[in-house]
Amino acid sequence: MISAPDVVAFTREEELEDDLYREPPLPEEYSVPLFPFAGQGANPWAKVAGSKFTRDFILISEFSEQVGPQPLLTIPDDAKVSGTFDLNYFSLRIMSVDYQASFVGHPPGSAYPKLNFVEDSKVVLGDSKEGAFAYVHHLTLYDLEARGFVRPFCMAYISADEHKIMQQFQELSTEFSKASECLKTGNRKAFANELEKKLKDLDYTRTVLHNETEQQKKANDKGYYTTQAIEKANELASVEKSIIEHQDLLRQIRSYPYRKLKDSEFHPYEPECSLDRADMGNDQDSAASDPAEPGETHLFTRVPSYTPKLIKAKSAKCFDKKLKTLEELCDVYFFTQTLDQLHHIERTFRGDVCYLLTEQISRALLKQQSVTNFLFEDVSFLDEKPPEKQYRGCQGLGQDATDEKCSEESLAPKVVISLGSYKSSVECVPIKMEQEMEDSEEPKMSESVMSEHQENLDYLDADIKGSISSGESIEVLGTEKSGSGLTKSESQASLPVMPSPQAGRSKVGSRRTVSEDSIEVLSTCPSESLIPEDFKASYPSAINEEPYADDDEGGLRFTPRVNPGVDDGQDDVSKQESLVQVDAACCIGKESPNFLEALPELGQKPCEEDGVVRIPPQPYRPAEQGLRGGFPSHDGLSGGLLPYELDSRYLSGSREVSKSSLDECSDSTSYISSAASTCSDRTPSPAHLGGAAGERHRKRAGQNALRFIRQYPFAHPAIYSLLSGRTLVVLGEDEAMVKKLVTALSIFVPNCGVYAKPVKHWVTSPLHLVDFQKWKLIGLQRAVSPAGVNVLHALSRYSRYLSILDADSKTLRCPLYRGTVVARLADHRTQIKRGSTYYMHVQSILTQLCSKAFLFTFCHHLHLPISEREPEESVVSRRMNFLKHQLGLANEDIKIVQYLAELLKLHYIQEPGQGGNPLLRFDYVPSFLYKI
Amino acid sequence: KSSVQTIGEEQIQNPYTELLVLKGHQDIVRFLVQVDDCRFASAGDDGIIFLWNAQTGEKLYELHGHTHKITAIAPFSSSDVTEEKTDLIITASADRTVIVWDCASGRQVQKVSCFHSTVKCLTVLQRLNVWLSGGSDLCVWNRKLDLLCKTSHLTDAGISALVELPKNCVAAAVGKELIIFRLSASNNGSEGWNILEVKRLVDHQDNISSLVSVNDLTFVTGSHIGELIVWDALDWTKQASECNFWDSSVHPDVQPEIKLSQSPQETSVQHLTSDEECVFAAVGKGIYVYNLQMKRVIACQRTAHDSSVLHIEKLPNRQLISCSEDGSVRIWELREKQQLPAEPVPTGFFNMWGFGRANKQANQAAKKMHENTPVYFLELVGDLIGHSSAVQMFLYFGELGLATCSADHLIILWKDGERESSLRSLTLFKKLAQNGDLQLKL
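Going down the list, the protein sequences come from chains R and A.
First residue of the first sequence? That's 1 in UniProt numbering, and the numbers climb one at a time after it.
First residue of the second sequence? That's 1 in UniProt numbering, and the numbers climb one at a time after it.
It is possible that some hints are incorrect.
As the list claims (entries may be wrong) - List of simulated lysine-lysine pairs, DSSO-like, C-alpha gap at most 30 Å:
#1 A:LYS430 with R:LYS884
#2 A:LYS199 with R:LYS367
#3 R:LYS367 with A:LYS431
#4 A:LYS59 with R:LYS774
#5 A:LYS23 with R:LYS774
#6 R:LYS760 with A:LYS150
#7 R:LYS774 with A:LYS150
#8 R:LYS757 with A:LYS59
#9 R:LYS757 with A:LYS430
#10 A:LYS199 with A:LYS150
#11 A:LYS431 with R:LYS774
Calculated from the structure, these hints are not laboratory results.
Treat the numbers as computed from the prediction; the structure is a model and nothing was measured.
Based on the provided sequences and hints, a complete structural model is requested.
Right under this line is the structure:
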């Protein structure tokens with residue numbers, strides 16, 4: 001941890017800074033202007049007024065064809081969470097903003113019904129009346145029995161804090177896309193199953209009908225057909241048509257380009273041959289007509305045996321029919337996976353947005369310090385892939401394409417600056433393009449959408465002109481697939497490079513206060529989860545969701561044509577180019593919040609307007625060049641150690657363990673006080689998976705450490721022992737007391753590697769040399785038994801490797817310390833009162849030490865002779881000079897830095913995958929006995 | 001109260017400030033042998049032989065083959081001009097087998113199991129390209145493990161030590177006797193050898209416990225009751241003998257102490273080592289330095305350790321390392337005492353303790369000697385504490401450090417922390433250069 005919300009808030013207070021020693025200014029990413037209302041005694045973390053729920057939650061709703069919008073489930077599944085919040089009403093709201101207008105039916109020129117592989121749409125929706133803001137993720141699932149074969153669903157992350165939704169849009173979108181992908185994968189599987197069953201039914205029906213017709217033919221020796229026979233023949237024909245239609249549907253669902261999900265955990269069923277899917281989809285045209293063909297059925301179906309049923313000729317859609325539940329729609333396995341993912345989302349985004357952002361920044365910065373971060377940080381969580389990571393690959397690409405796009409966009413007609421973007425967005429909506437090709441069944445609905453758009457645009461217009469009374473407004477900043485073009489045109493109009501959500505926000509901000517109710521739809525890009533992965537040369541047809549369309553009817557192309565400038569070439573190359581553009585556009589839309597350069601301007605603007613900080617610190621994504629380039633990351637290394645890490649993280653994530661670890665060092669008062677103090681938010685913010693426990697542990701450790709340095713006058717030499725790698729043994733009879741001391745001191749222990757903190761809380765057996773290699777801080781039982789004598793004997797035998805803190809007699813036996821670093825680290829007159837704050841203080845000083853150790857380790861001439869003939873002595877003297885004068889270290893401080901440097905070296909030169917022998921370094925220095 | 005000299009925690013001259021614990025053995029580790037510049041093998045009562053990298057402490061091979069404890073181990077490196085150098089080690093075990101291992105591949109090359117008794121010692125005669133195994137009889141083998149010749153049954157107790165002597169001779173310690181054998185080329189075969197007993201030396205009063213060759217002209221034996229005999233290696237005659245040098249009254253420059261009894265354990269010559277000038281003997285708890293030219297003990301540390309010294313070795317830099325059953329390793333330095341014009345030995349001090357008379361003469365005698373000969377003493381310059389049980393043996397690797405093996409199943413590699421640190425820096429910058437990170441730095 002580098003920072004925390006409660007320290008961030010005070011960073012600009014000058015007098016505080018003067019009190020401390022001179023410090024370099026905070027990094028830019030951390031500086032937050034003071035909360036403007038702070039003077040009025042307002043709590044900046046005060047709960048947003050008016051919200052009817054106690055904490056953030058996730059809501060899954062469905063637009064049921066029978067009953068309309070209805071909530072299905074919430075996560076966490078607790079009635080208390082949503083409180084008096086009207087889920088039904090909110091479901092209606094969120095379902096009403098689905099712009100994807102999924103189309104299924106008979107497109108003109110096509111003989112068969114077509115499945116439309118609709119992309120998810122992601123919108124942000126605000127309801128100031130309910131005090132709720134939501135990230136809404138719409139998705140469509142297939143159901144053979146549903147109207148048009150589709151069932152629209154949506155998942156919404158609902159929070160009272162709109163900033164959170166805005167700031168975390170990126171992350172939310174990524175996480176929800178994963179969940180959605182998981183659901184849809186399961187759904188495709190289930191749908192294919194269903195289709196196969198239906199096909200068997202139909203096949204059976206056809207056979208039966210055929211037989212009947214034959215019999216009639218035989219029985220009828222007259223020259224003409226009876227009406228009965230004609231009816232039968234018609235029936236047979238319709239069944240046959242139905243079979244063909246269903247076969248086609250089956251082929252469509254199967255030809256769906258298999259997306260490789262990044263997270264394999266979601267996709268354990270992924271077939272081996274998925275690479276060939278695209279090709280297979282084309283080749284399957286004939287093959288797919290045979291539903292029983294085993295070669296492909298294994299992909300989706302594992303139905304042991306199915307007895308076909310006779311299908312009534314007229315199976316009318318009736319409303320009393322029970323629709324499938326979500327669980328039935330998807331495979332149970334995938335459903336539970338999705339729920340897991342949603343729970344994960346809920347955990348991740350719990351807490352105040354400021355906290356989340358600071359956390360993200362810290363994590364991003366820490367991640368860069370791949371050489372030193374293992375020393376004092378808990379690096380296990382750094383392995384979690386941050387959401388933006390997977391997009392990094394295409395970021396550069398996106399930037400390249402930007403210029404091109406700019407020039408293209410500039411050709412587009414522009415309207416009024418403020419409204420231009422909205423208009424163009426509507427114009428660009430690809431839905432329209434599809435609508436043009438639709439038959440007349442659907443347009444009605446989409447037209448209504450359109451008119452609504454128009455209405456609102458008009459409305460907005462009016463709004464700007466000054467009208468105040470407003471019932472409802474929808475602000476469309478961009479919808480799917482048009483997102484790119486829109487953002488671009490908008491930024492052309494106003495700011496050179498503008499992060500879209502922020503831009504949107506800052507603009508809308510003042511206006512929104514007027515309208516009582518508003519829905520904001522922010523640049524929602526198409527298929528953001530799809531393109532980066534699928535856009536690999538090996539998937540020429542990946543984006544083109546209906547590969548067969550090209551083969552069947554040349555005239556029908558459903559290639560999403562986002563950019564008017566790109567001609568839809570027939571060859572793959574040009575297609576790919578267009579894909580590049582889609583991709584790029586996507587990335588711009590998505591990644592634009594990263595442009596930190598644009599931030600100051602943005603930050604200013606709203607401040608001028610209403611004095612409210614509109615833009616909290618931005619999620620920090622490291623620039624590609626710059627800081628990053630320094631050293632190679634140790635991905636390989638961590639990969640080698642993965643099982644252990646995973647294990648430990650898993651453990652820390654699980655409740656029981658965290659609870660037990662809490663009990664272990666429990667200190668109820670500190671917990672209560674800290675809970676009362678920092679818990680401005682309604683729920684504790686987990687830093688990361690299992691972070692809640694870690695956070696609490698830190699508080700406790702900090703509190704105990706604070707107590708330790710106040711209580712024991714010889715805290716300095718004890719801490720020095722830990723920092724210089726000399727094992728400190730805390731000896732005592734009372735286990736709880738010893739453990740508390742160990743917890744307190746553990747924050748000073750440098751890690752030897754990424755895998756384990758070298759702290760052992762409680763040992764009862766005699767120590768051995770091997771223990772000192774493994775552990776740098778040990779709690780040891782003092783017993784009166786003969787075994788206890790052995791314990792003490794071992795202690796005296798190995799006394800040269802140890803510092804011994806006797807908790808019972810309050811003595812310390814350890815080497816002398818005359819440096820200055822520890823005095824700053826552990827000042828017994830410190831004004832710091834809270835454990836977590838003290839923990840931060842310690843971390844910051846330790847980080848300083850780390851940076852010194854880093855400099856020392858990686859300065860070439862300090863360790864190696866400059867010229868061949870330079871004697872070793874001059875190198876040594878240069879080294880000492882550097883430590884003393886350049887780094888300003890005195891006496892024993894040098895040893896601390898040397899020890900840390902040694903750890904850095906070991907960590908760096910360690911071969912990945914190879915644990916390496918732990919070595920024990922020691923000095924032959926005399927020890928002294930300290931007493932209170 | 002122990003009279004063992006102790007050194008504080010401040011040991012400026014002790015270079016070993018870093019250690020690596022090598023785990024692997026499941027029983028007492030008794031033997032360490034150097035294979036080449038950076039490898040060594042360890043063996044012990046668990047019958048497993050480990051091959052280690054002395055620099056990194058990396059376990060190279062784990063050699064399984066013996067079912068009982070290892071009784072002898074010897075490196076056998078062939079440096080034939082024709083073939084490339086191969087490093088072999090020969091191990092003998094209580095399961096009455098001898099196995100030859102290849103250190104490069106970690107494989108068993110060959111196994112001989114035709115012994116009637118346990119082989120207790122192995123000696124390689126590099127010059128003749130043969131090796132000898134000593135048990136109840138003495139066998140001569142060539143590289144291919146063909147038995148070239150063997151002696152008749154000597155004794156049930158077996159040969160306890162073997163040493164190579166000039167002129168194709170070997171000396172074998174069999175109980176109290178020292179038997180000299182000579183190897184001679186047989187008449188019938190080109191590679192055949194005959195082994196003949198040449199002489200039996202029966203000067204020792206008790207079992208010979210250690211046997212060491214000093215140079216081409218001399219070798220030394222030590223027995224259980226503390227006899228030390230220096231032999232001429234060519235004609236096998238006794239050059240000098242010292243039989244009661246543990247007696248404090250003889251050596252005035254040593255702090256006298258009260259001795260109640262002399263148990264044989266305390267006078268047994270456990271181990272001998274030598275350089276050109278001196279023979280260093282581990283006798284009981286003490287270390288004695290016997291000068292070959294002066295034919296007397298020039299320095300000693302009567303109680304160098306808390307219990308028996310098991311192994312001593314002379315380092316090139318006038319230092320001596322000893323290890324003991326008490327689990328510690330000590331580093332000594334042989335120093336020349338500053339000659340003072342008048343020896344300030346207060347006789348009254350001895351009178352106080354009732355030693356007055358006995359020591360008076362001795363002191364005078366000593367004084368006489370001091371006038372023409374330099375006086376040496378052993379100074380403790382450092383100790384290494386790490387093992388929790390008896391340190392059986394150690395192996396000095398020069399710059400690479402020191403390997404010690406112990407009854408606590410561990411091997412500890414002691415290293416010079418400064419040197420290791422700078423080596424790591426070197427590796428670090430090499431790796432940086434490899435990864436191309438050096439360029440990114442300013």
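Results for each hint:
With a C-alpha separation of about 26 Å, the suggested pair LYS430 (chain A) and LYS884 (chain R) falls inside the 30 Å cut-off, and the hint holds. Note on LYS199 (chain A) and LYS367 (chain R): the hinted pairing is violated, with a Cα-Cα distance of about 77 Å set against a maximum of 30 Å. Between LYS367 (chain R) and LYS431 (chain A) the alpha-carbon distance is near 21 Å, which keeps this suggested pair within the 30 Å criterion. The straight-line distance between the Cα atoms of LYS59 (chain A) and LYS774 (chain R) is roughly 19 Å, inside the 30 Å bound, and the hint therefore holds.
Only pairs whose Cα atoms come within 30 Å are accepted, and LYS23 (chain A) paired with LYS774 (chain R) is accepted, the gap being roughly 14 Å. With a CA separation close to 59 Å, the supplied pair LYS760 (chain R) and LYS150 (chain A) exceeds the 30 Å bound. Of the supplied pair hints, the one linking LYS774 (chain R) and LYS150 (chain A) is violated, its CA atoms being roughly 52 Å apart against a limit of 30 Å. With a C-alpha separation of about 25 Å, the suggested pairing of LYS757 (chain R) with LYS59 (chain A) holds against the 30 Å cut-off.
For the given pair, LYS757 (chain R) sits about 29 Å from LYS430 (chain A) by alpha-carbon distance, which is consistent with the 30 Å threshold. A distance of roughly 17 Å separates the Cα atoms of LYS199 (chain A) and LYS150 (chain A); the hinted pair therefore holds under the 30 Å criterion. Taken as a hint, the LYS431 (chain A) and LYS774 (chain R) pair is honoured in the structure, with Cα atoms around 26 Å apart against an allowance of 30 Å.
The structure shown violates the earlier hints numbered 2, 6 and 7.
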